[in-house]
Amino acid sequence: MASHAQRPRIGLRIATNGFILLWLVLAAFPFIWTLWGSFKVELDFFSISDWTNALTGKLTEETHGTPLTGAGYYGAWIQEEFWRPAINTMIVCFFVVCTSLTVGTLGGYALSRSGYRYTFWLLIIALIFRAMPPITLVAGYLLPFYEWNLWGILPTTIIVLVAINQPFTLWMLHSFFQSIPKELDESAKVDGCTQFQAFRHVIIPVMWPGVITTGLFSFLLAYNDFAVTSMLLAEENRTMVPEIAAFLGTTYTEGNVMFAVAAVVSATVPLFILVLFFQRQIVSGLTAGAVKG
Amino acid sequence: MLLFIAMPIISVVTQSLFTPHEAVFISVENCGPFGCTEETTIDQDATKSLRDEEPLGRFVGLDIYFDRGHLAIDEVSQAWQDTESLGAFFSSLGNLPFYRAMGFTLTYTFTVTPLLIILGLFIALAVNTLHSRLKGLVIFFSLLPMIVTPLIGSLILFWMIDSRGILGSLLQWMASDPNLSLKASTGLTWIMLIIYGVWHAAPFAFVVFYAGLQTLPTDQLEAAQIDGATRFQQVRYVIIPHLMPLVTFVALIQLMDNFRVFEPIVGFNAEAHATSLSWIIFNDLGGETRQLSAASTTSVITILGVAILLLPVLIRTWHDFKGKK
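Same order as they appear, the protein sequences are chains U and F.
Going by numbering that gives the first Met the number 0, the first residue of the first sequence is number 0, and it counts up by one from there.
Going by numbering that gives the first Met the number 0, the first residue of the second sequence is number 0, and it counts up by one from there.
Because the hints were derived from the structure by calculation, they are not lab data.
Glycine included, each C-beta is placed from N, C-alpha and C at the ideal position.
Heads up, some of the hints might be wrong.
[What the hints assert, rightly or not] Among chain U residues calculated to face chain F with C-beta under 7 Å, some are:
id : residue
1  : 23
2  : 33
3  : 35
4  : 131
5  : 230
6  : 263
7  : 267
8  : 270
Using the sequences and the hints, build the whole thing.
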């Protein structure tokens, strides 16, 4: 804010700052609370008698000798073998991101450089597909997958996730490539490049910001998906999110909610790191479609 | 893309027209020392071979669409004739699973979307007045509720509002009712899900509006100030009109996203009080009996719902595209 006249009055400033503080508490407190609570025993985290137990960890100290304990993490990662779904998640995310970026880059580039009318329809269809709940498609996948005996394994799920992700990737990369001036390829072609060479030597070096942003969002989709992975994967191939949901089914009876709490915190950490490093890209990706209109 | 998305849709539509074969019955007369009894058993082999031959099942046309689990034409017309007032009619509709889910989905969509836009706008306006060093930090924390997996986010909140969790205890203390539980009442469950929805999606609106505020030309604001506009008037007559295209964009995206509300219901364990269309599909698909055709039917109805929601936007995009040419 540049000029003095635009500075708000003191009352308003206090109000806005208070409001931001309130929002920050709303946004961040649940995560901090759960992170702190994940190092406690269940009776502290869900304290009936006194809520301050969750802060001081009175019962945790009685059980384990220290106010903070890694018992939940031990139970989740080693006893319940949470590392298996974690590895599965890594595999799924990696391949989904790679495949959808390759297809999306080529397709988005082609769409943005082609002037035909069908490109519009392709993009509209992509938009409609983006709007459909993924779960509605799962019903369609299940029967053929049973028939062909493809159900329950990772590659099928990766393909399905790529397919669901593709409209979005295509849409985003299309608008990104459109912001790269056509003159770039044209001058490359004047210099004697073929269309493919123009793409290879001129467009690829400048496309990375858009590709990274799109890649981030495909990663988030693959990482966060619950509907598809829980329906299409057999029990031993589960990724993290359906595994956590499955924890709840078994652990509520065993009284080991803390396993699920620890697993939830573990699954949130990568996202936290992601936001930390790629905040700028995420923000630009979210606004890319919007601000340009 | 066409192969993997268009094909499943076709598959869903066809499946929704079929229903599993009924078991083949055979009657056997058992004659024993105490006379003959006729026994009806399921001919396992015949049933199996029939099912293998045509895995889709038999063709029933639109029957599934109209049965009790879906549009329930008979029950609805029955209720329409029997009940006196509109209120009673709607309450009898609420007993049918499809309409109950539809009711929640629509309520959720149309309360969460405006609320999150308003909240996002306020956060964006407030953050915009901050010092630039603080902005990055605030944006970082604001992004968290949105980035986190919906299921995980709802679980985190669910544990906090558990009657033994911190927010649950706080509410009990405020209402001075030690037996208060948010999970037990339908109304409170709905409010809880809606609050979660706003919490989850407000950052998106915030980020978009915040980016829009950066493109706001300062001379317009200055002109408004010279004309004697108060701060509220500046917001109302300069900033909001400037952000209007973004509001439409956010509303569109969030309408689509909220219409498919699903994970929070699983996370909050709220199936008993609130179901959504997506949840019905999930429920039909999971479990012992995978009711593919029932799930497909709900899917088709959901897809139609999305199409209706999107129609105005599609028409507008078409006009824009024609304008460009």
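- [ ] With chain F as the partner, please determine if residue 35(U) meets the hint condition of a C-beta pair closer than 7 Å.
- [x] Where the cut-off is 7 Å and the nearest Cβ of chain F is about 11 Å from residue 35(U), the hint is violated.
Open item on the list: Under 7 Å is the threshold here; is the Cβ of residue 23(U) close enough to any Cβ of chain F for the hint to stand?
Closed with: With a closest approach of 5 Å, the residue 23(U) hint holds.
Task: Interface hint outcome for residue 263(U) [beta carbon to chain F under 7 Å] - done: It holds, given that the least Cβ distance between residue 263(U) and chain F is near 5 Å, below 7 Å.
Open item on the list: Holds or violated: the hint that residue 267(U) contacts chain F, with Cβ atoms closer than 7 Å.
Closed with: Cβ of residue 267(U) sits 6 Å from chain F, so the hint holds.
Task: Proposed interface contact between residue 33(U) and chain F, which counts if any beta carbon pair is under 7 Å - done: holds (5 Å)
TODO: For the hint on residue 131(U), just tell me whether its beta-carbon gets within less than 7 Å of chain F.
DONE: Where the cut-off is 7 Å and the nearest Cβ of chain F is about 6 Å from residue 131(U), the hint holds.
Open item on the list: residue 230(U) was flagged as interface toward chain F. Is the shortest Cβ-Cβ separation under 7 Å?
Closed with: holds (6 Å)
Task: Hint validity - residue 270(U) Cβ closer than 7 Å to any chain F Cβ - done: holds (5 Å)
Of the hints listed earlier, the one the structure fails to meet is number 3.
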